[in-house]
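As you go down the protein sequences, you meet chains L and B in turn. Using the numbering used here, the letters of the first sequence map in sequence onto residues 51 to 321. Using the numbering used here, the letters of the second sequence map in sequence onto residues 135 to 448.
Among the hints, a few may not be true.
Stated by the list, open to error - Simulated restraints, written as ranges between beta carbons of each label pair:
{"hint": "1", "chain 1": "L", "residue 1": "S209", "chain 2": "B", "residue 2": "N303", "range": "26 to 32 Å"}
{"hint": "2", "chain 1": "B", "residue 1": "A167", "chain 2": "L", "residue 2": "S209", "range": "23 to 29 Å"}
{"hint": "3", "chain 1": "B", "residue 1": "F436", "chain 2": "L", "residue 2": "G59", "range": "37 to 43 Å"}
{"hint": "4", "chain 1": "L", "residue 1": "P235", "chain 2": "B", "residue 2": "A353", "range": "25 to 31 Å"}
{"hint": "5", "chain 1": "B", "residue 1": "R256", "chain 2": "L", "residue 2": "V55", "range": "14 to 20 Å"}
{"hint": "6", "chain 1": "B", "residue 1": "E445", "chain 2": "L", "residue 2": "R225", "range": "29 to 35 Å"}
{"hint": "7", "chain 1": "L", "residue 1": "R147", "chain 2": "B", "residue 2": "F436", "range": "27 to 33 Å"}
Unchecked claim - Examples of chain B residues lying across from chain L (beta carbon under 10 Å, computed):
{"hint": "8", "residue": "P165"}
{"hint": "9", "residue": "V178"}
{"hint": "10", "residue": "L181"}
{"hint": "11", "residue": "Y204"}
{"hint": "12", "residue": "I220"}
{"hint": "13", "residue": "P265"}
{"hint": "14", "residue": "P301"}
{"hint": "15", "residue": "V318"}
{"hint": "16", "residue": "A333"}
{"hint": "17", "residue": "N382"}
{"hint": "18", "residue": "A389"}
{"hint": "19", "residue": "Y437"}
Because the hints were derived from the structure by calculation, they are not lab data. Note that the structure is a prediction, hence the values are computed from the model and not measured. We put the CB at the ideal spot given by N, CA and C, even for glycine.
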Amino acid sequence: MTRRVVLTGLGWLVAFVFLLPYLQMFITALKPEKELTKSPGTYLPSHWTWSNFIDVWSAAPVWTYLRVSLTVAAAATIVTLACAMPAAYYTARNRFRGRGAFLLLVLVTQMFAPTALVIGIYREMVALNLTDTLLALILVNAAFNLPFCIWILHGYFSSIPKELEEAAFLDGAGRVGALTRVTLPISMPGVVTAIVYTFIAAWNEYIVALTVTASPDRRPLTVGVPSFVTQYQAHWQFLFATSLIAIVPVVILFIFIERYLIGGLTAGSVK
Amino acid sequence: MQDLKTRRRGAATSQAPRPSLLRRTGRALTPLAWLGPSLVLICVVVLWPVIEMVRTSLQHITSSGVTVGYNGTTNYTDLFDEDDLIPVVLRTLLWVGGIVVITMTLSLALGQLLNARFPGRRVVRWAVIVPWAASVLMTALIWKWMLDNYSGLVNRVLLDLHIIDKPVNWLAHPGQAMLWMMWVAVFVSLPFTSFVILAGLQTIPEDVYEAARVDGASAFRTYFGITLPLLRPAILIASIINVINVFNSFPIIWAMTAGGPGSDTDTTTTFMYKLAFYDQHVGESGAMAVVNFALILVMVLFYLRAARWREEVR
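Working from the sequences, and respecting the hints, build out all of it.
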């Protein structure tokens, strides 16, 4: 019984520690601007300024940041899925020369992050005349998340017995019918995981967007948000109001896919 | 291609009827149709930058961005002549080592807690996920604000508890700033790591513990004799992935101190970035990038071993 009480207490303490910074975001976003320069700081807003969440839209081109983030994340997700699905399905169903090499390439590049390669990416985009375009961001986000998507989908497709598909085929469903009516529904958790993971990774991507974009109307949220606080202005309340707009939806999405993620991220060594 | 050539040679010597050349070519090319888009995307956007980076490291590029030509290893000797390099490398080792060791230790406890049964466990698990899903940049920014000299929460709490008697400018002193940024890095690494440990714990069958209980093993012995050894694959893979992620970690330092004052809180990653985009020494930055990338490749080799990739692709 005491063990249970201690565990519960510890659990809630952990939850509090992990949520504290985001709670602080929320509280700061609701403080009037004058209160932000007070020393020492206040725990709670003296006046709960809900209007900050309305004023933020005119304080900076937040709509543009949001539109850019959405466009890049959605387009990157579509490109990634369109490339990953056939590759994952084919490698799961067929033995062919180069299969091992391909899967090795996928595993190795899964560990590459744009950060280490940012100089090379920047030089390439200059050479291709793609700097300051959304296409550059879409391509980079699609390509760097592709290996993970191939890997997780490969795992799902491999786990579905070939016989199941063949049975549907023999029953007259046709090759395409067998694929869309049997294989795809069973591998739905994998597909959804790939979609959500790519979307969130592209949504949160920072260093390439910071490096490759220049004009204000091509900045995603991650690059736009810090510009609320510069040498000349300090609108922390708007900075965190926008941050919350960026964070809350993806946290909710993420909670749904978490249990499907670990196997894919650890290349299956922990399942 | 190799495949095609050997088959063609085989066709010339054997007498048995074989499918037409067109058919065989078609069959050899089928995988390409399925894998093609992925291969193109990976080669053009992931592998090309690697080549471009190596090329950059061997080129003389003026501060205005004009490529003058190749200049051998000048960029590398320039890099190794930087006075800041040795401190930056040592700091990077401390950064990676410190964060990964602390993250792994805390995650072992946290994974255990998330695996235990108590009311509200589901909500606690959700709370732990939040820093994983949220933008690392934005998490770093809220910590920067909480550590603010004038109105930050950390100073307020410490003042109220009489631990400090006047506000401390935490991020202005390299030592303190480094420790706080390491904490933020631990904070954002904990969710993934403890969920890997949790997944590892869930693979341990209940009857192993049952047997230990029957044998009268103490909780201490059960943990170090059974749980920890069985968690080895999870610990190994999580450590390697963490080393790579933490080494690549850019937004935390960039948002909180930008490597300053001077380069006193830089790691090799932010140092590389500043060389290219602040100091306009693009070639030298390329050299730093190549060194960074080589280190990551070594970690990827460890990763492949730990992931037992040969069994995985079967």
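Hint-by-hint comparison with the structure:
A C-beta distance of roughly 55 Å is found between S209(L) and N303(B), which places it outside the suggested range of 26 to 32 Å. Under the hint 23 to 29 Å, the C-beta atoms of A167(B) and S209(L), about 24 Å apart, fit the expected range. Between F436(B) and G59(L) the Cβ separation comes to about 39 Å, which falls inside the hinted range of 37 to 43 Å. Restraint check, P235(L) to A353(B): a C-beta distance of roughly 45 Å breaks the suggested window 25 to 31 Å.
Restraint check, R256(B) to V55(L): a C-beta distance of roughly 18 Å satisfies the suggested window 14 to 20 Å. Roughly 30 Å separates the CB atoms of E445(B) and R225(L), a value that falls within the hinted 29 to 35 Å. Hint check: R147(L) to F436(B), Cβ distance near 28 Å, so the stated range 27 to 33 Å holds. With a cut of 10 Å, the hint placing P165(B) at the interface with chain L holds, because the nearest CB-to-CB distance is about 5 Å.
Given hint, V178(B) at the interface with chain L, holds; its Cβ is 7 Å from that chain's nearest Cβ, closer than 10 Å. The interface hint given for L181(B) holds, since its Cβ lies 8 Å from the closest Cβ of chain L, which is under the 10 Å cut-off. The beta carbon of Y204(B) is not positioned within 10 Å of any beta carbon in chain L (closest approach about 14 Å), and the interface hint is therefore violated. The closest approach between the C-beta of I220(B) and any C-beta of chain L is roughly 21 Å, which is over the 10 Å cut-off, so the hint fails.
Hint status for P265(B) relative to chain L: holds, with the closest Cβ pair at about 6 Å, below 10 Å. Because the closest C-beta pair between P301(B) and chain L is about 7 Å apart, less than 10 Å, the hint holds. With a cut of 10 Å, the hint placing V318(B) at the interface with chain L holds, because the nearest CB-to-CB distance is about 9 Å. Below 10 Å, beta-carbon pairs count as interface contacts, and A333(B) has one with chain L at about 4 Å; its hint therefore holds.
The interface hint given for N382(B) is met, as the beta carbon of that residue sits about 4 Å from the closest beta carbon of chain L, less than 10 Å. About 7 Å separates the beta-carbon of A389(B) from the nearest beta-carbon of chain L, less than 10 Å, and the hint is met. The beta carbon of Y437(B) comes within 6 Å of a beta carbon in chain L, closer than 10 Å, and the hint placing it at the interface holds.
Hint violations for this structure: numbers 1, 4, 11 and 12, all remaining hints satisfied.
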